[in-house]
Amino acid sequence: MIPALSLAGSLLEAAALPQSSSPDQTGSAAAQNSDFNQIFAGVGAAIDNLKNGESASISGLQGQASVQHVVESVMSAERSLQTVIAVRDKIVSAYQALSQMAI
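Its first residue numbered 23, the sequence shown is counted upward by one per residue in the working numbering.
Note that these hints are calculated values from the structure, not bench results. Backbone N, C-alpha and C define an ideal beta-carbon position, used for all residues, glycine too. Do not take every clue at face value.
Below, computed lysine to aspartate or glutamate pairings styled on DMTMM-like, alpha-carbon distance capped at 20 angstroms [as the list claims (entries may be wrong)]: (1) K112 to E94; (2) K73 to D57; (3) K73 to E100; (4) K112 to D57.
Ranges of calculated distance between the beta carbons of each label pair, as one might list FRET restraints [to be verified]: (5) S56 to A108: 47 to 57 angstroms; (6) D57 to V89: 33 to 43 angstroms; (7) N59 to L103: 21 to 31 angstroms.
Please model the entire structure based on the sequences and the hints provided.
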């Protein structure tokens with residue numbers, strides 16, 4: 023398995039642990055928390071997609087999977103990776119814009 027994927031997977035497992043909520047948590051904060059959890063769920067699905075593509079390519083090399091299955095899995099993993107890279111680029115550009123603002 024790719025080491026970065028296993029690290030990201032363990033981070034997602036840690037984020038999925040139940041957290042205690044404070045009694046003074048407002049409705050908008052709860053909505054933001056659920057949105058944040060949905061983002062992590064999407065990231066987890068993308069990581070699973072990448073893992074499936076990796077395991078399908080290994081199975082294909084060993085002759086245990088059809089070429090069509092391998093190509094479909096790898097293309098799906100590639101789309102997920104391109105999406106993650108696009109989101110990362112947006113985050114970096116937003117950070118750079120914030121760092122250039124005068125205080």
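For each hint, the structure was consulted:
1. K112 to E94: violated (27 angstroms)
2. K73 to D57: violated (24 angstroms)
3. K73 to E100: OK: K73 and E100 at ~11 angstroms, within 20 angstroms.
4. K112 to D57: holds (18 angstroms)
5. S56 to A108: 47 to 57 angstroms: Since S56 and A108 have Cβ atoms about 24 angstroms apart, the given range 47 to 57 angstroms is violated.
6. D57 to V89: 33 to 43 angstroms: holds (40 angstroms)
7. N59 to L103: 21 to 31 angstroms: Check passed, 22 angstroms falls within 21 to 31 angstroms.
Going through the hint list in order, the structure does not satisfy hints 1, 2 and 5.
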